[in-house]
Amino acid sequence: MNHLWQEIRHNPILWLLALVPFVFAAKMTSPEAHTLLFLLAVLAIIPLATLLSHATESVAAKTGDAVGGLLNATLGNLTELIIALAALRLGQFTLVKASVAGAIVANTLFMLGASFLLGGLKYHIQDYNRVNARLQTSLLFLATVALIIPSAVASADYEVPSEFMQKLSVGLSVVLIIVYGLGLVFSLKSHSELFGSTEEASQEQPWPLNVALVTLAGVTVLVALVSEIFVESVQEAAVTFGMTAAFVGFIVVALVGGAAEMASAFSGARKNRLDLSVGIALGSAAQIALFVAPVLVLLSYVIGPSPMDLQFWPGAVVMVLIATMTATIVTNGGHSTWFVGVLMLMVYLILAMTLYLLPPGGQ
Amino acid sequence: MNHLWQEIRHNPILWLLALVPFVFAAKMTSPEAHTLLFLLAVLAIIPLATLLSHATESVAAKTGDAVGGLLNATLGNLTELIIALAALRLGQFTLVKASVAGAIVANTLFMLGASFLLGGLKYHIQDYNRVNARLQTSLLFLATVALIIPSAVASADYEVPSEFMQKLSVGLSVVLIIVYGLGLVFSLKSHSELFGSTEEASQEQPWPLNVALVTLAGVTVLVALVSEIFVESVQEAAVTFGMTAAFVGFIVVALVGGAAEMASAFSGARKNRLDLSVGIALGSAAQIALFVAPVLVLLSYVIGPSPMDLQFWPGAVVMVLIATMTATIVTNGGHSTWFVGVLMLMVYLILAMTLYLLPPGGQ
Amino acid sequence: MNHLWQEIRHNPILWLLALVPFVFAAKMTSPEAHTLLFLLAVLAIIPLATLLSHATESVAAKTGDAVGGLLNATLGNLTELIIALAALRLGQFTLVKASVAGAIVANTLFMLGASFLLGGLKYHIQDYNRVNARLQTSLLFLATVALIIPSAVASADYEVPSEFMQKLSVGLSVVLIIVYGLGLVFSLKSHSELFGSTEEASQEQPWPLNVALVTLAGVTVLVALVSEIFVESVQEAAVTFGMTAAFVGFIVVALVGGAAEMASAFSGARKNRLDLSVGIALGSAAQIALFVAPVLVLLSYVIGPSPMDLQFWPGAVVMVLIATMTATIVTNGGHSTWFVGVLMLMVYLILAMTLYLLPPGGQ
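Chains as they are written, first to last, in UniProt numbering: chain L, 1 to 363; chain W, 1 to 363; chain B, 1 to 363.
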């Protein structure tokens with residue numbers, strides 16, 4: 001546990017861990033103080049997500065390339081998954097879907113755009129391996145197709161029976177998970193030489209395996225407990241802050257859930273290791289779209305009050321489509337400058353502004 | 001006719017020709033056995049389409065590059081055209097449109113995707129001339145615009161008079177045919193050097209001209225007769241198999257009509273001649289979109305019970321758009337691996353699955 | 001004024017200036033002769049726009065690169081801005097929006113397509129600096145996102161309050177203007193070396209500064225007066241010619257407003273200076289989308305009878321999206337042939353034909 005302690009000492013973000021007990025204390029003493037609970041939960045999730053991310057990477061580093069890549073690829077968005085599971089258990093499907101779509105958009109536009117901007121302010125032109133960017137944007141495109149189809153069919157004039165939508169959603173989920181698995185085989189096994197320079201090494205020293213595993217287990221439980229408080233308080237807190245439900249799910253939850261990865265992506269961009277930033281941002285977006293979202297649909301049959309489908313609010317589908325098209329157009333060349341980052345951030349700002357202004361009942 | 005006989009002996013697909021008389025016999029004796037008629041017609045069309053394709057290529061090979069290219073470009077999808085004409089004469093516009101849109105999607109996603117997968121399982125990375133791919137995807141894009149516009153206008157809140165839609169459809173059809181013709185001038189005449197390596201040679205020996213012409217004439221008549229039986233039985237058979245009308249038109253008819261070209265495209269991919277596969281798949285899709293579809297609209301004024309317009313079911317427009325965008329993104333680089341094929345096939349699978357699950361009345 | 005006189009003698013287009021007094025005379029004597037007024041106004045705006053364009057370039061040439069670039073970038077579409085302002089003052093928001101969307105589409109598809117065609121008929125293959133094309137199409141893409149979002153939200157089933165749409169429109173307008181400004185910093189300052197070969201020199205000798213400034217001031221007043229007559233007469237004249245309101249705003253006004261720039265773009269293409277044509281066409285489209293349109297929204301709070309929002313007719317949004325996608329796909333390679341020009345012109349023809357046939361009430 002010395003490693004853990006040492007890391008906490010050197011990383012100011014982790015000092016926020018001190019807030020974790022206060023979340024539970026506040027929940028006990030004043031369960032109706034939604035705004036306080038919301039703020040405490042947000043601040044507590046950020047350091048926990050950072051620990052989770054580091055523990056996953058440490059386990060991955062110890063277990064060799066294939067298993068390690070697989071671990072990173074499945075647990076890399078553990079925070080997002082746990083938050084969504086908490087909302088799923090409470091039957092808050094709108095929040096689950098908004099947070100899934102919001103995480104795809106936040107990773108694609110905000111995380112990548114801010115990386116390009118931060119890197120571009122320091123370096124005139126930055127290059128990165130566009131093969132990986134293309135694989136990830138292709139995966140995102142496939143997932144976008146899977147999201148468009150149910151909405152496109154449902155928007156026709158006749159009433160779509162919910163039985164059809166559920167069967168279709170299960171089918172789409174299975175397809176997405178299979179493609180995600182084949183994508184891992186492609187990038188880690190059969191054509192790994194094309195993805196060579198991505199060098200997704202963690203910046204810090206990996207922990208010993210036992211420390212990493214204990215941290216992984218313990219922190220997962222903590223994130224699960226805090227997420228539950230977060231999900232319960234977020235809607236009420238939104239009203240206090242004058243934010244719409246759509247804005248909270250799409251923007252706030254997505255940014256909180258991705259805070260740890262953003263720190264890594266931004267730091268990579270400032271060190272001119274843009275392959276790292278692109279890999280984290282687009283890889284994470286693809287993972288949420290092709291792994292987290294379909295797993296949530298399938299798990300809803302087990303833990304949810306009723307099955308969840310893949311039919312999203314048309315506005316969310318349009319936003320995911322815009323994010324995917326932006327990433328496809330922008331990463332086509334494999335170069336980046338500060339202005340490319342500005343463009344992506346502005347697209348994100350437009351989406352966020354729309355959701356912020358959206359009158360209640362809009363989603 | 002010795003050539004014909006020799007070919008039949010060496011190509012097991014052609015043994016299915018033996019079923020042709022049985023189609024007509026079954027039609028005489030049991031006109032109500034829709035499922036049997038449907039299955040027999042499907043199995044009989046496949047070898048006939050193969051013969052038709054070989055006869056067209058043989059005539060094309062004998063008549064020199066310009067006329068030959070033109071012949072291939074107009075008769076290359078003769079099977080699809082004949083099937084659609086049979087449906088057009090019976091006034092089954094929904095089936096005509098579904099089979100046209102389905103053929104574009106099947107050629108773009110299934111034929112090209114399966115070629116990439118089959119080739120990629122044998123070769124690590126395959127290259128092809130992307131100039132031709134770009135021309136064909138640009139043509140497809142133009143056709144997609146022509147399909148989107150009527151639906152986009154019609155989806156506005158006010159009622160669009162059918163007179164407007166018919167005038168617009170005739171205008172669009174003329175534009176598409178003109179662009180298709182100019183595209184032939186561009187690729188066969190003015191800038192043919194850019195399309196050099198496409199080497200669209202038929203794999204077998206061409207037949208003598210008289211054999212080819214007689215085969216072309218005779219088989220066209222047979223395909224026309226069998227297609228009529230196929231179109232009459234397909235809807236009833238669909239009910240028996242539990243398939244929706246949308247699925248039959250979009251998937252079954254398209255795959256049956258394109259069987260012969262698929263055999264050529266797949267065989268090209270296995271021989272590392274991917275230019276051949278890309279040329280057949282995308283060239284055929286472009287031909288259907290810019291030549292077959294508009295010709296059907298114009299012919300509907302002559303042979304149909306009433307004029308057919310170019311307004312497609314919105315879901316079909318979305319699917320054609322998805323297919324065109326997938327082809328544009330995927331063929332941008334001019335390289336292919338097995339995973340690219342998987343991605344395209346999965347997009348096709350998503351569309352097929354949606355249509356299969358679609359409740360009746362969905363189209 | 002000798003310079004001015006000399007130019008008029010050598011440029012036959014400017015001989016149309018003789019019609020300017022007749023416009024005002026006709027307005028006085030027969031204010032109800034809408035068709036005559038419309039035709040006179042169109043013919044008078046074309047030479048005035050040419051003078052305006054030359055005066056702006058002359059001022060820009062005298063004031064050095066940074067200020068000159070800025071001037072060109074803000075006053076380059078002065079004619080379009082003045083026409084739109086005249087319509088804005090009269091509260092004709094539909095005409096304003098149609099002319100803005102129409103100008104984007106006309107510059108992107110017609111001006112660029114005709115340049116490619118005219119150049120391609122003379123030269124086998126033409127190359128141009130695709131960095132600038134990419135910047136402009138990226139800016140157009142951002143503007144398209146800003147146009148899609150309000151319509152996408154408004155097309156949902158619930159009623160969107162106009163207050164929301166106005167707040168959103170102001171926010172979007174501010175974002176677009178900021179991005180436009182940062183784009184100028186990027187292309188003129190921080191990364192100007194990437195845009196080197198664009199050589200946007202005017203073909204003729206620049207005028208002395210005092211001649212240019214006086215011309216700029218005088219002609220601006222004249223354009224404003226003639227535009228008012230044009231806007232007042234255009235709708236009535238449209239009825240006479242059997243044109244729909246949508247066609248007039250989208251096609252006629254856009255082509256009249258852009259006549260001067262088209263002359264420069266086409267002349268550049270015939271001289272194999274395609275960088276000039278691409279710069280004018282796409283640069284002008286981006287300027288209208290990211291500068292003229294948002295300025296009009298903000299100015300509507302000052303000079304309009306009521307505030308104008310950024311919510312466009314869905315058909316117009318689809319057309320702008322099609323134009324942006326066409327430009328993105330086509331300029332990806334940095335090469336051009338006559339057939340690329342044909343494709344773009346045909347896309348424009350499809351849009352124009354649809355608007356021409358659209359029954360009244362369609363917009």
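What the hints contain is simulated information worked out from the structure, not anything from laboratory work.
Take the hints with a grain of salt, since some may be wrong.
To be verified - To give an idea of the interface, some chain L residues facing chain B are shown, with a C-beta separation under 8 Å as derived from the structure:
id, residue
1, PRO12
2, ILE13
3, LEU14
4, LEU16
5, VAL318
6, ILE322
7, ILE329
8, THR337
9, VAL342
10, VAL347
11, LEU349
12, MET353
13, LEU357
Unchecked claim - Which chain B residues face chain W? A few, computed with CB under 7 Å, are given here:
id, residue
14, LEU36
15, ILE350
16, LEU357
All figures in this text were calculated on a predicted structure; none of them were measured in a lab.
Think of the CB as a built atom: it goes at the ideal place given N, C-alpha and C, for glycine as much as any other residue.
- Does the nearest C-beta of chain W fall within a distance shorter than 7 Å of the C-beta of ILE350(B)? OK, holds: ILE350(B) within 7 Å of chain W, min 6 Å.
- Query: Taking the least C-beta to C-beta distance, is LEU349(L) closer than 8 Å to chain B?
  - Reply: Where the cut-off is 8 Å and the nearest Cβ of chain B is about 6 Å from LEU349(L), the hint holds.
- With 8 Å as the cut and Cβ atoms as the points, is MET353(L) at the interface with chain B? Status holds, d = 5 Å.
- Task: Go through the hint on ILE322(L) and say holds or violated, using the shortest Cβ distance to chain B against 8 Å.
- Result: For ILE322(L), the interface hint holds, since the closest Cβ of chain B sits about 6 Å away, which is under 8 Å.
- Is the interface hint for LEU14(L) satisfied, with its Cβ closer than 8 Å to some Cβ of chain B? violated (36 Å)
- Task: With chain W as the partner, please determine if LEU357(B) meets the hint condition of a C-beta pair closer than 7 Å.
- Result: Because about 5 Å separates LEU357(B) from the closest Cβ in chain W, which is inside the 7 Å limit, the hint holds.
- Message: Tell me if the interface restraint on VAL347(L) is satisfied: Cβ within less than 8 Å of some Cβ in chain B.
- Response: With a closest approach of 6 Å, the VAL347(L) hint holds.
- Against chain W, is LEU36(B) within 7 Å by beta-carbon distance? violated (30 Å)
- Interface hint compliance - VAL342(L) to chain B, C-beta minimum distance less than 8 Å: Since the shortest Cβ distance to chain B is 6 Å, the answer is holds.
- Item | Hint check, THR337(L) versus chain B [nearest Cβ-Cβ separation less than 8 Å] | holds (6 Å)
- Taking the least C-beta to C-beta distance, is ILE329(L) closer than 8 Å to chain B? Cβ of ILE329(L) sits 6 Å from chain B, so the hint holds.
- Message: Interface hint check: LEU16(L), Cβ to nearest Cβ on chain B, cutoff 8 Å. Holds or violated?
- Response: Nearest chain B Cβ about 32 Å off; hint violated.
When the structure is compared with the earlier hints, violations turn up for hints 1, 2, 3, 4 and 14 and for no others.
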